[in-house]
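Chains as they are written, first to last, in numbering that gives the first Met the number 0: chain A, 0 to 163; chain B, 0 to 363.
There's no promise every hint is true.
[Unchecked claim] Some but not every residue of chain A turned toward chain B, in silico, with C-beta under 7 angstroms: (1) Y18; (2) A44; (3) E57.
[Unchecked claim] Facing chain A, a subset of chain B residues (Cβ under 8 angstroms, in silico): (4) L3; (5) R4; (6) L24; (7) R28; (8) R32; (9) G73; (10) P210; (11) S350.
Just so you know, the hints here were simulated from the structure itself, not pulled from any lab data.
If you're wondering where the values come from, they're calculated on a predicted model, not measured in any experiment.
Think of the CB as a built atom: it goes at the ideal place given N, C-alpha and C, for glycine as much as any other residue.
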Amino acid sequence: MMLDPAGRDSFETFFRAHYPSVVRALVVVSGGEPEAEDLAQEAFARVLERWERVRAMESPVGYVYRTAFNVNRNRLRHLARSLRHSAVPAPEIDPATEVEARSELRRVLARLPASQREALVLVEWLGLDADEAGRVLGIEASSVRGRIHRARRTINEHLGGEDD
Amino acid sequence: MTDLRSFLERAIGPFDPTPDRALDLTTRRAAQRQRRRRAGAAVVGLTASLLALGVVVWAFAGRDGTRPAGAQRGTFVFIGGDALAAENRLYSMNADGSDLRAIPTGDLFLMAAAPSPDGERIALMASEPWPRGDMPSAQLFLMNADGSDLVKVPACRDDGCQGTILVSWSPDSRSLSFPGNGTGIYVLDVETGTSRRLTGGSQDDGAVFSPDGRRIAFARTEPSVDPEPNAQIWVMDADGASAHQLTDAAVAHEATQPAWSPDGTRIAYTEGGEPGGTAGIAMVNVDGSAARQLTACTFGSCERFPTNPVWSPDGSAIAVLWQEARLTGTAIALVDPESGDLRIVRELPFSASSLTWQVGTANT
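Let the sequences and hints guide you as you build the complete structure.
Set out below in C-alpha cells:
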C-alpha cells in the first residue's frame, strides 16, 4: 500500500465518488446495510492495496463489485459451514435472509440466488450491458441475460407484475 | 413489467452511506490486511512473502510516467521504504528505470544489501523483528538472488554488529566486508564462515573492494586528528596492509561512500560538505590526484542531494540516490563522470538506500 500522494488523492476521489452507490447496491447482494458496508469496505481495502493497477483498468468500479461479490460468496460459504456444524438447522434459502428483512421488497430479493442478485446489480444498478457484466462475473453474456430473466420472473411472481 | 432499477431503489430505501468515516475505516482495514500478511509471511515463509510482495510489485507495475528513456544496462538493487518507520523492502529495477520489483526478504528490517558480483546471492545486514522497546539487532544474512534460502550468518554479536551498517562483496564473490563491532573493517570468508578484522582503532566504514580485488577503499574518521567529524577516503591492500589517506582533508569534508570506477583508476564518493561549503558527489584518482566535485549544492540548503554513488558496469555513468531533503522520496539518477550532469532515471515514492548496480541480466 505504498502510494504516492497523487495515488492517494486519486483513490480518495474514486472512493468518495463510488462508495455510496456501491454500498447501496451491495444491500441487494448481502441483504442488509451493515453487511453491505462491511463488504464495500473490504472490497475497497483490497482495491486500495493494488490501486496503481486497478486505476489503470477499463472499469475500476467493476473491479470493486467483482471483489465485493467474491468476498460475499466467501462469507456465505462460511455461514453455510457454520450452520452445518451448529445445532441450528440450516435455512432452506440464502443465509442473507438471516438479516431481518426490512420490507417486502427485501424479502423478495432475498429469495433470489446470489448469482441473480449480482447480475441485477451489475446490469440494472450499474448499467453495464450483458457483455460487460459477464466479464465482471466471469460468465457468458447469455448467462447474464438468463439470470436477469429469471430474477425478473421471480420478482414479478411475488409482486404481481408481468413477465417480459 | 417490473422496472428493476426502480424496484432495487425501493428495496434499498433511503439508506445513504457517507464516505468520510468509511474512507478512514477502509484505509485502516487495508493496513490491517497488510500487517496480517506480514505476520503470515513469518509463519509460512517465503511463499507467503512472495504473494504479499506481489501486491507491491503490482502497485508499481504501471508507473511509467516518470521514467525517462535510458541506454544503461544491468540492474539496480536497493532498499526502499518509509524512512520514519521500520518498514522497508528490497527492490530491483532495470538500469533504464523499468521493471521495478520487490525481492522477498521475509519479515526482516533491512539496513544494507549487496548482490554478489556473480549474481547468485544477496547479502543483507538486517534485523529480525525485535521486542517493543528494544533496539533492532543488525545481523548478517545471505539468500539467493530471488529471495529463496534466506539464512542468518553468525558473524555478529547477539546484540548485533555495531557502527555504520554496510556490506559489500569481493569481486570473486567469496568474501564480504561488514561492520563487525564498529571499531574496524571486518571481512568474512563466505564459505568457511570465518571473519577477520582488517583495521581497528579508528572509525572505519563503507569498505568496498577494488575491481581487481586487491585493494579496499573505505571512509575513516579520526577523532584524534580532527575533533569535528571529518571522514576521509582511505585505500589499503585487501589484507589490511598499506592503508593510506586518499582525499585531502583541506578540500574534502565528510567524504564517505567510496565507489571504484570499473577500471580501478578513480573513486567517486559522497562529499558531505561543511558550513559555507558545498555538498555533492566528488571524485578523485586512486593516486590522490585530480580531486574534483561533480555535483554541488550549498551546504545546508540543498532541496535534494545525491548519495550512495555506484558506477555503471561500463564506467560511463555514476548512479546516485537523489534524495529529497525531507526523505519523503528518492530518485535514482545518473551523473556524468566527466561533466557532472545529472539526469533522473526514475522517481520513487519512498526513501531509498543501499544502492548497487549489477552487471547481470536485467529483470525480464
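Going through the hints against the structure:
no.	hint	in the structure
1	Y18	holds, 4 angstroms
2	A44	holds, 4 angstroms
3	E57	violated, 13 angstroms
4	L3	holds, 4 angstroms
5	R4	holds, 5 angstroms
6	L24	holds, 5 angstroms
7	R28	holds, 4 angstroms
8	R32	holds, 6 angstroms
9	G73	violated, 24 angstroms
10	P210	violated, 35 angstroms
11	S350	violated, 11 angstroms
Violated hints for the displayed structure, listed by number in ascending order: 3, 9, 10, 11.
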